[in-house]
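Trainee: Here is what each chain is made of, one letter per residue.
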Amino acid sequence: MTTASNLLAFLGLVVTLLIVWRQSWPARLRLFVAQSLLLAALAGTIGVLAHRRGLLLVAAVFVVVKGWVIPRVLARIGSGEPVRPVAPGRSSGLVLLGTGGLVVAAYVIMLPVTSAVELPTEGAIPLAFAMALIGLLLCVTGRDALGHILGFLVFENGIFGLAILATYGLPGIVEAGVFLDVLVIVLIMEAVVVEVRREHDSIDVDRLRELRG
Amino acid sequence: MLEALLAIPLVGAVLLWRAGGRVATTLHALTAGLTLVTAIAVGVEVNRGDALVALGGFLRADALSAWMISLIGIVGALAASEAPRYLAHTTPARFYPLFHLFVFTMLLAVSTDDVGLMWVAVEGTTLASVFLVNFERTRASLEASYKYLLICSVGIAIAFLGTVLVYFAGIQQFGDEAHALRWTTLMRLAPGLAPRVIELAFVFLVVGYGTKAGLAPMHTWLPDAHSEAPAPVSALMSGVLLSVGVYAILRFKPAVDVAAGPGFARSILLALGLLSLAVAAAFLWTSPNYKRMLAYSSVEHIGLVCLGLGFGGALGTAGALLHIANHALAKSVVFLLAGRIRAAYGSAEIAAVGGLMRRMPRTGAPFLAAMLALVGLPPFGLFVSEVMIFAAGFTQGFPGVAGVALVLLVFAFAGLLRGAHAILYGTPPREPAAEVPGWRPVLPVAAALLLLLLTGLAWPPGLTDALDRVVAIVVP
Numbered sequence: 273m274t275t276a277s278n279l280l281a282f283l284g285l286v287v288t289l290l291i292v293w294r295q296s297w298p299a300r301l302r303l304f305v306a307q308s309l310l311l312a313a314l315a316g317t318i319g320v321l322a323h324r325r326g327l328l329l330v331a332a333v334f335v336v337v338k339g340w341v342i343p344r345v346l347a348r349i350g351s352g353e354p355v356r357p358v359a360p361g362r363s364s365g366l367v368l369l370g371t372g373g374l375v376v377a378a379y380v381i382m383l384p385v386t387s388a389v390e391l392p393t394e395g396a397i398p399l400a401f402a403m404a405l406i407g408l409l410l411c412v413t414g415r416d417a418l419g420h421i422l423g424f425l426v427f428e429n430g431i432f433g434l435a436i437l438a439t440y441g442l443p444g445i446v447e448a449g450v451f452l453d454v455l456v457i458v459l460i461m462e463a464v465v466v467e468v469r470r471e472h473d474s475i476d477v478d479r480l481r482e483l484r485g
Numbered sequence: 085m086l087e088a089l090l091a092i093p094l095v096g097a098v099l100l101w102r103a104g105g106r107v108a109t110t111l112h113a114l115t116a117g118l119t120l121v122t123a124i125a126v127g128v129e130v131n132r133g134d135a136l137v138a139l140g141g142f143l144r145a146d147a148l149s150a151w152m153i154s155l156i157g158i159v160g161a162l163a164a165s166e167a168p169r170y171l172a173h174t175t176p177a178r179f180y181p182l183f184h185l186f187v188f189t190m191l192l193a194v195s196t197d198d199v200g201l202m203w204v205a206v207e208g209t210t211l212a213s214v215f216l217v218n219f220e221r222t223r224a225s226l227e228a229s230y231k232y233l234l235i236c237s238v239g240i241a242i243a244f245l246g247t248v249l250v251y252f253a254g255i256q257q258f259g260d261e262a263h264a265l266r267w268t269t270l271m272r273l274a275p276g277l278a279p280r281v282i283e284l285a286f287v288f289l290v291v292g293y294g295t296k297a298g299l300a301p302m303h304t305w306l307p308d309a310h311s312e313a314p315a316p317v318s319a320l321m322s323g324v325l326l327s328v329g330v331y332a333i334l335r336f337k338p339a340v341d342v343a344a345g346p347g348f349a350r351s352i353l354l355a356l357g358l359l360s361l362a363v364a365a366a367f368l369w370t371s372p373n374y375k376r377m378l379a380y381s382s383v384e385h386i387g388l389v390c391l392g393l394g395f396g397g398a399l400g401t402a403g404a405l406l407h408i409a410n411h412a413l414a415k416s417v418v419f420l421l422a423g424r425i426r427a428a429y430g431s432a433e434i435a436a437v438g439g440l441m442r443r444m445p446r447t448g449a450p451f452l453a454a455m456l457a458l459v460g461l462p463p464f465g466l467f468v469s470e471v472m473i474f475a476a477g478f479t480q481g482f483p484g485v486a487g488v489a490l491v492l493l494v495f496a497f498a499g500l501l502r503g504a505h506a507i508l509y510g511t512p513p514r515e516p517a518a519e520v521p522g523w524r525p526v527l528p529v530a531a532a533l534l535l536l537l538l539t540g541l542a543w544p545p546g547l548t549d550a551l552d553r554v555v556a557i558v559v560p
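Those sequence lines, one after another, are chains X and L.
Going by this note's numbering, 387 is the number at position 115 of the first sequence; the sequence numbering is gapless.
Going by this note's numbering, 157 is the number at position 73 of the second sequence; the sequence numbering is gapless.
Hints in this document: simulated from the structure, not taken from any laboratory.
Treat the hints with care, since some could be wrong.
Stretch by stretch, here's where chain L covers chain X in the computed footprint (C-beta under 8 Å, at least three residues) [stated by the list, open to error]:
no., segment
1, 385-398
2, 411-421
3, 430-442
4, 445-453
Remember, it's a predicted structure, so these values are computed and weren't measured experimentally.
Built from N, CA and C at the ideal position, the CB exists for glycine as well.
Generate coordinates for the entire structure from the input sequences, incorporating the hints supplied.
Mentor: The structure is reproduced here in structure tokens:
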């Protein structure tokens, strides 16, 4: 179980780094799907190896919600946006360097958790947390609504991974509530972005600067 | 009874989804009225006997829940009474159902025993209210709702991380404890939980739920959302939504105090409380918009509540909880009146408003009273609760923190009064529309002010007892 969870979480982190690196929206969306599928595989693997039936169901729902429904909505949101040219002078190098720092930070912050117990999956916990932190960074530095939503979803995925690795699955009602919440957030986001686009002819958040002080 | 409390606003919201015209207004009034009556009944029932439990322990209302439930009922009814007046000038599309859905999510958050479900409900408050913030569909309100949704969703996801870690600590120590996410279980397990893990979890929980509570530096969504939302929604958000965030933190605090020692939560709450006070004191002076000014005043008062909880002890905790109630009453009154002012003057800029006392006396007089209450002057309740909080600060051994807070409070006091003065007196650049005739609009506002006088001058029977019961839960 240790090998499997470490490998899957590591691959998830690599995909997350690729999301930071890539600039084109379709590529990032495909990477997000890949990350979601990896996490679903993680949940499924732990479900099988630790004999948790519930996790298999969670993995299945995760594939449907994060691997199919939400990417479709995201594609719909992104379809009106012209493919942004890779802006010169803003390379992802610096951000990538920052993510390196975040991975180290993730290991430090998660020390109390990883040292508290002997779990076969404990090695992967900081990796999942690093995913969450990188998602947060993406969300904060995102230049348009799509960047914000993607960052938020990567963040959410990281927390999901951490929850699976640390607890082998939360109580069903909470798990269901989380899925429902994420789905509704994305749908509301879509509605809001549609409005933003109608008002401003763009989803560039630099134009949202009415409210100050 | 708890089932009824939650079913009423939910059923009301569902029915209101298709209703229109007169039917909608009547149904809205009926739903709000029934919610108020049930909420008060729950409050009385819990304070007479034991905690109410329903749905196999899933729903549970102890004295702390009952305190919040009564408050949500009262502020909900107050805001609901203003809604038809607000909607008279616009199309009421979906306002009523979302309003009651919003109330439902808040009631659910404070009346469940499961901290996981509490998390879902707190997230639900954002989802239910985001369209209400953007109800007027202007550029500014759109921006406000976007920020609100994004910042609060991220915040609440951080709180989820905290909840996961609490659950992790629980099952690590005690194996697969059934209901390890139940608050009652958590309190039972607390002495054995790994302190380092619980500390880490509490940091995430405070950042997460603190975002919802509007604590600085996570408050940035608050002035936008509060100032752009329709007046009844601002009243609900400022009056009770912020306190629901505080409530969520409060649920975890006793367990953290037991597992990690009382100093940890205290230092975090004191630091955030002071920071919120400082941010609010600065922005109360610079806000050109009176609804924004009122929003910053909410940051100030939530900061004070945090200080009270941080100082702790029976006095500090009781003061903080009483302050939550007092602030809820005063702030919802002020926001409702601000809505009327904005409707009459056609602007939310302080510079565009003036001479309120003379031009709209039936709005101006209660506005003055509520503002005086809000800055913490006697004979209103906020004076009493602020004295309790600061007395706790000085007696519990934090004279430094309390002293700095007092200085900041004076700054905030002056800033808010300056704004109020500009609104109430002088000559406006443009004459306002005529005030709504008759005394009916004054009644709900007067009732709330009367309650504030009661908490300030003569505590009604049962209040001391209710506060004692709440304190016994937070500081066991």
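Trainee: For this structure, which hints from the list above don't hold up?
Mentor: Those not satisfied: there are none.
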